[in-house]
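Could you slot chain B onto chain A? The hints should help.
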Amino acid sequence: MIEIKGITKTFGDNEVLRGISAKFKPGKNNLIIGGSGSGKTTLLKCIVGLHEPTKGDVIFDGENFTEMNFEQRVPIRTHIGMLFQNSALFDSMTVEENIMFPLNLFTNRTHAEKLDRANFCLERVNLKGKNKLYPSELSGGMKKRVGIARAISMQPKYLFVDEPNSGLDPKTSILIDELINELTEEYQITTVIVTHDMNSVMGIGDHIIFLHQGKKWWEGTKDEIAHTDNKELNDFVFASKFMRAAKARL
Amino acid sequence: MFHSLGKYILLLRLSFRKPEKFSVYWAEVMREMVSVGVGSLGIISIISVFIGAATTIQVAFQLSSPLVPRSIAGSIARDSTILEFSPTISSLVLAGRVGSSMASQIGTMRVTEQIDALEIMGVNAPGYLISPKIIAGVTMFPILVIASIALGIFGGWLACVLSGDVSPADYLSGVHEGFEGLTIRVAIVKAIVFGFIITSICAYQGFYTNGGALEVGQSATKGVVYSCVMVLFADLVITRVML
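As you go down the protein sequences, you meet chains A and B in turn. Residues 1 to 250, numbered by the numbering used here, are exactly what the first sequence covers, in order. Residues 1 to 243, numbered by the numbering used here, are exactly what the second sequence covers, in order.
Hints should not be assumed to be uniformly reliable.
Stated by the list, open to error - Incomplete in silico selection of chain B near chain A, CB under 8 angstroms:
no. : residue
1   : 12
2   : 114
3   : 122
Keep in mind the hints are simulated off the structure, nothing from the lab. In this text, all values refer to a predicted model and were calculated from it rather than measured experimentally. Built from N, CA and C at the ideal position, the CB exists for glycine as well.
Okay, chain A solo, but in the shape it has when bound (with noise of 0.2 angstroms):
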């Protein structure tokens, strides 16, 4: 489990954050939503080190993640895994080596046991066969799954996702979410998924945290989220006609 803390962030006068806790639970995807520049990254990146909070701590599974410096905190974050807003892939690298690469460097298996959890993790992402292909020659999708598989190489507890539908059909969305939503309930992975994208919301929202003006403003599952009288809430999932639509037929 992942347990935040009064987290708060400022950059120079910016206040960014202010005083969030929540608790995120394992084999729960736990969705952090909001408008444009409400906080969600910056939250995410407080959680996994990438930005230092003001104020607040971070804990993982009872270790506070906050007060450990960089050495001690590689054991923890052999234990995260990531999956970027533009998929982060290495570009000199092939998909496969992409996926080995945290192998090469954490463990210390043999070239054909890291070349057969690389296969595997692809096989599960359903990209079987792309091995050899460099991140240039794939499209947005293929990118994010590759980014997926390169995230559960090393068999991740955490699973971090920054806006895992950005740039993609809906259809392709749909099945990164179900992917993420099967490898979570498959491994008992603890996920955080940033989002803004409403069919993720409502298709895999198990715990979701609206963030508004730095600060936590609702926290409920996606059955609550459709009838709650939160009036920032409701402006935000209910802001479309088809949303507004879908709300009425409820």
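Same frame as chain A, but now just chain B:
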């Protein structure tokens, strides 16, 4: 300025932390050495031959007095090539070729979140990305400079053969006369220092890139400009101290 200097020193300290796995870093060092060394050999060969030839012709033109032995053209071309043209001009060219490539490569990795991906995995990103480049720079620059010296002197001989301003025999005699090993040591020290300056400054500029494609280009430009200025400054200091 002091803030940037502090950041630069801290980045260098991070770059030389203990590697997560030596074999992975070693492979990266080898890859960078090939890129810096073999990749730059063509351009270094071309400029060295032409500079050697031009220097010899100009010296022969300026010292066209019956009182001055013709072999002096060989001596002057040799010392100019060893002490200045090969280490300094080659390094300025390498700053453009190698430095800009390093700054833009690391800068692109920064803006496309590849460096964040390394950090999330628990990889010491400065160590993995920067130290192999610096090691490649300080090892390959001296080799390139030695090759440049040899090719520069060959260029001078070629100019003698083709132009006839100085006979090849006089030129070769001048190249041999009064040769001091110290000049080679100075050239090698310069190459090592310039290699370090160019790779570290360009890597620093790339590592702290913020923004997008425009900023990557700006980082590469800044890296080349700052490293060229520092190379010229270091050239003066080394020359003053060692000669």
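Cross-check of the supplied hints:
1. 12: For residue 12 of chain B, the interface hint is violated, since the closest Cβ of chain A sits about 16 angstroms away, which is over 8 angstroms.
2. 114: Hint holds; residue 114 of chain B Cβ to chain A Cβ min 5 angstroms, cut 8 angstroms.
3. 122: 3 angstroms, holds
Taken one by one, the earlier hints fail for this structure only at number 1.
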